[in-house]
Amino acid sequence: MVLVNEEGIRIDGRRIDEKRPIKIEAGVLDNADGSCYLEIGKNKVLCAVYGPRECRPRHLQNPTKAIIQCKYNMEAYSVTDRKRPGTDRRSVEIPKPIAEALENVVQTELYPRASIDVYIEILQANAGTRCAGLTAAAVAIADAGIPMRDLVPAIACGKADGNVLLDLNKEEDNYGQADVPLAIVPSTDEIVLLQMDGNMTREELDHGLDMAFQAAHEVYEVQRDALKRRYSDISKKEGESDE
Amino acid sequence: MSNYVVSQIKRDHLMNLLAEGRRADGRQLDEVRKIQVETGIIESAEGSARVKLGKTTVMAGVKIIPGTPYGDAPGDGVITTGAELIPLAHASFEPGPPSEDAIELARVVDRGIRESGMIDVKKLCIKEGEEIWMVFIDIYALDYDGNLFDACNLAAVCALRSAIVPWKQYGKGEEDLPMPVTCLPISVTECKIGNDLIVDPNFDEEAISTARLTVTTDDVGNFRAMQKGGKGSITRSDLSLCLDRAVEIGKQIRKIIG
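Order-wise, the sequence lines are chains U and F.
For the first sequence, position 175 matches number 175 in the working numbering, and the numbering has no gaps at all.
In the working numbering, each number is its position in the second sequence, counted from 1, plus 1000.
Don't read these hints as lab results, they were simulated from the structure.
Here the structure is a predicted model, which means the values were calculated and not measured.
A portion of the hints provided could be inaccurate.
[Claimed, not checked] Just the calculated beta-carbon pair ranges, DEER-fashion:
1) F:1016 x U:76: 46 to 56 Å
2) F:1219 x U:76: 21 to 31 Å
3) U:233 x F:1220: 48 to 58 Å
4) F:1255 x U:218: 39 to 49 Å
5) F:1221 x U:7: 46 to 56 Å
6) U:2 x F:1254: 28 to 38 Å
7) F:1219 x U:232: 49 to 59 Å
8) U:7 x F:1231: 38 to 48 Å
9) F:1016 x U:201: 33 to 43 Å
10) F:1044 x U:222: 53 to 63 Å
11) U:113 x F:1044: 41 to 51 Å
12) U:80 x F:1022: 51 to 61 Å
C-beta atoms are modelled at their ideal positions from N, C-alpha and C, and glycine is treated no differently.
Bound-form chain U, shown alone:
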């Protein structure tokens, strides 16, 4: 399978340094305290935030700050072969770095003993769901009105057909040579999530990370825009009901 052609164009028509089209909407669920719907390429992700609320189970409470409990669930129809519902090792591992990345920016010290519960549902998966989930979760927490130092945008770089690529799709992830999910704090450029599998030289990795840093800042603008739209819409609606 040719993943990148001679002109440097990928199977979905993108250039090697181009991320997939991304769409973010904040405040899409009624019951949740904060929520977000995100699409990047063919990924469709829904995220809900409940809390800060009483931490259960109680033995997990921290007397000095809130804890973030994250669940990541792939819906049964989200992938080509039906995914058997329930937890597997992947759905236990993935939320851990996501919650850790979020704890870096959420001002958990304001809510001792509480829990901030983040639920990430993957409606449709096409590689890069942990980045999509984290990007959505950051918006949903902001939508819940929980104080944060900054948002967290996430995006992957990787390698396929010997080319260093930004934001791998499913084919590039399956048949490519490396995948490197990255999440940063845009105001400081700190790295809060970093994983890698595959095979890359130091030069390739540095080049990929350069692209991913740049792209993460672009994702950040989309996150901010979603939140701005959400709250300008609310103020409009409130204005209407006053009339």
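Given the coordinates of chain U, assemble chain F onto it according to the supplied hints.
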């Protein structure tokens, strides 16, 4: 592993030492503890290794049995890695199904082995589309003094390298064959404490650290797997230092295990 309380006086002591570029056990910031590897200690396993990394001890065993291949890889053997943090190893470990920490640990070790192509899975095919060898690597922490990632990676790699595929025993071939190994993935884990990055953290260092990064390299110094952990962040220059050290220390460890 991450929620153990360290007394303020100990924390201050370690921080004060680090401010002078020192560590409580006298190591350099980029110095790995003494590594001891014993293989072939479990006769009922097809491969086994006990690894001591300073005072951290882990045991890995490899079981190999015939099984059916996955539909998308009809000619490839299957490798599965599991890790358990049993209460025998530390007061903070509890009985029960594998915790989030244990699963992350197993998956990071698995990633290094899988992504480096350490095992030539094509050579673990008995009959394409019908029967392949399934390789189960199970790792148990026995005595925990920090840095289970590197200890478990080493134990898994050494156990695999010493394993014998039981072709004859199961009547699948003329003789038992050694595990088809192509390279050795070696992980190097560092912790961030204050602004310092220290290699191979022990328990106390791990407990006061804010972030962790594991980097796995192959024989030629390419990067095969990474995993950041912890609630703190690292900078791009921290990452650069970790990558340099992972290559350098990876070489040292390869020399030690031969």
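Hints violated by the structure (numbers, ascending): Checked against the structure, the hints that fail are numbers 2 and 5, while the rest are satisfied.
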